[in-house]
Amino acid sequence: AVALSLFSLTLGSALIAFGLSATVVGFVGVVIACAIGAFIDDKFVDELNHKIIK
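Sequence positions in the sequence shown follow the numbering used here and run 45 to 98.
Straight-line alpha carbon distances no greater than 20 Å define the calculated SDA-like cross-link-like pairs of lysine to any residue that follow:
#, residue 1, residue 2
1, Lys95, Ile84
2, Lys87, Lys98
3, Lys87, Ile97
DEER-style ranges, computed between Cβ atoms:
#, residue 1, residue 2, range
4, Ile97, Ala61, 35 to 45 Å
5, Phe62, Glu91, 36 to 46 Å
6, Asp85, Ile60, 32 to 42 Å
7, Ala58, Asn93, 26 to 36 Å
8, Ser49, Ile96, 11 to 21 Å
9, Phe71, Lys98, 33 to 43 Å
10, Asn93, Ala61, 33 to 43 Å
11, His94, Ser65, 35 to 45 Å
12, Lys95, Thr67, 29 to 39 Å
13, Ala61, Lys98, 40 to 50 Å
14, Thr54, Asn93, 23 to 33 Å
15, Gly63, Ile97, 36 to 46 Å
For the record, the hints were derived by calculation from the structure and aren't laboratory data. The beta carbon of each residue, even a glycine, is placed where N, CA and C say it ideally should be.
Given the sequences, and given the hints that come with them, work out the whole structure.
Written out as C-alpha coordinates, the structure is:
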(Lines of atoms letter the chains of each structure in order from A; the text may use other names.)
(Lines give C-alpha, C1' and ligand atoms only; values in the text may rest on other atoms or scores of the structure.)
Protein backbone atom coordinates (compact mmCIF):
# COMPACT_ATOMS: atom_id res chain seq x y z
CA ALA A 45 0.00 0.00 0.00
CA VAL A 46 2.86 2.35 0.78
CA ALA A 47 4.57 1.63 -2.53
CA LEU A 48 1.39 2.32 -4.47
CA SER A 49 0.77 5.59 -2.65
CA LEU A 50 4.35 6.73 -3.28
CA PHE A 51 3.95 5.81 -6.95
CA SER A 52 0.74 7.80 -7.16
CA LEU A 53 2.41 10.79 -5.55
CA THR A 54 5.48 10.81 -7.78
CA LEU A 55 4.87 9.20 -11.15
CA GLY A 56 1.08 9.05 -11.07
CA SER A 57 0.56 12.78 -11.30
CA ALA A 58 3.05 13.05 -14.17
CA LEU A 59 1.41 10.22 -16.11
CA ILE A 60 -2.05 11.73 -15.61
CA ALA A 61 -0.69 15.08 -16.84
CA PHE A 62 0.36 13.33 -20.07
CA GLY A 63 -3.23 12.26 -20.63
CA LEU A 64 -3.31 8.69 -19.36
CA SER A 65 -6.43 7.61 -17.53
CA ALA A 66 -6.41 7.02 -13.78
CA THR A 67 -7.16 3.34 -14.37
CA VAL A 68 -4.06 2.88 -16.52
CA VAL A 69 -1.92 4.79 -14.02
CA GLY A 70 -3.22 2.63 -11.17
CA PHE A 71 -2.56 -0.55 -13.14
CA VAL A 72 1.00 0.56 -13.93
CA GLY A 73 1.51 1.30 -10.23
CA VAL A 74 0.37 -2.18 -9.23
CA VAL A 75 2.65 -3.79 -11.82
CA ILE A 76 5.65 -1.76 -10.63
CA ALA A 77 4.91 -2.57 -6.97
CA CYS A 78 4.67 -6.28 -7.83
CA ALA A 79 7.93 -6.20 -9.76
CA ILE A 80 9.76 -4.49 -6.91
CA GLY A 81 8.23 -6.94 -4.43
CA ALA A 82 9.47 -9.86 -6.51
CA PHE A 83 13.06 -8.65 -6.21
CA ILE A 84 13.00 -8.29 -2.42
CA ASP A 85 14.75 -11.16 -0.66
CA ASP A 86 13.11 -12.64 2.44
CA LYS A 87 16.39 -12.50 4.37
CA PHE A 88 16.62 -8.77 3.66
CA VAL A 89 13.10 -8.23 4.96
CA ASP A 90 13.84 -10.21 8.14
CA GLU A 91 17.00 -8.17 8.75
CA LEU A 92 15.12 -4.93 8.14
CA ASN A 93 12.36 -5.96 10.56
CA HIS A 94 14.91 -6.76 13.28
CA LYS A 95 16.57 -3.36 12.80
CA ILE A 96 13.23 -1.56 12.98
CA ILE A 97 12.17 -3.42 16.13
CA LYS A 98 15.46 -2.62 17.92
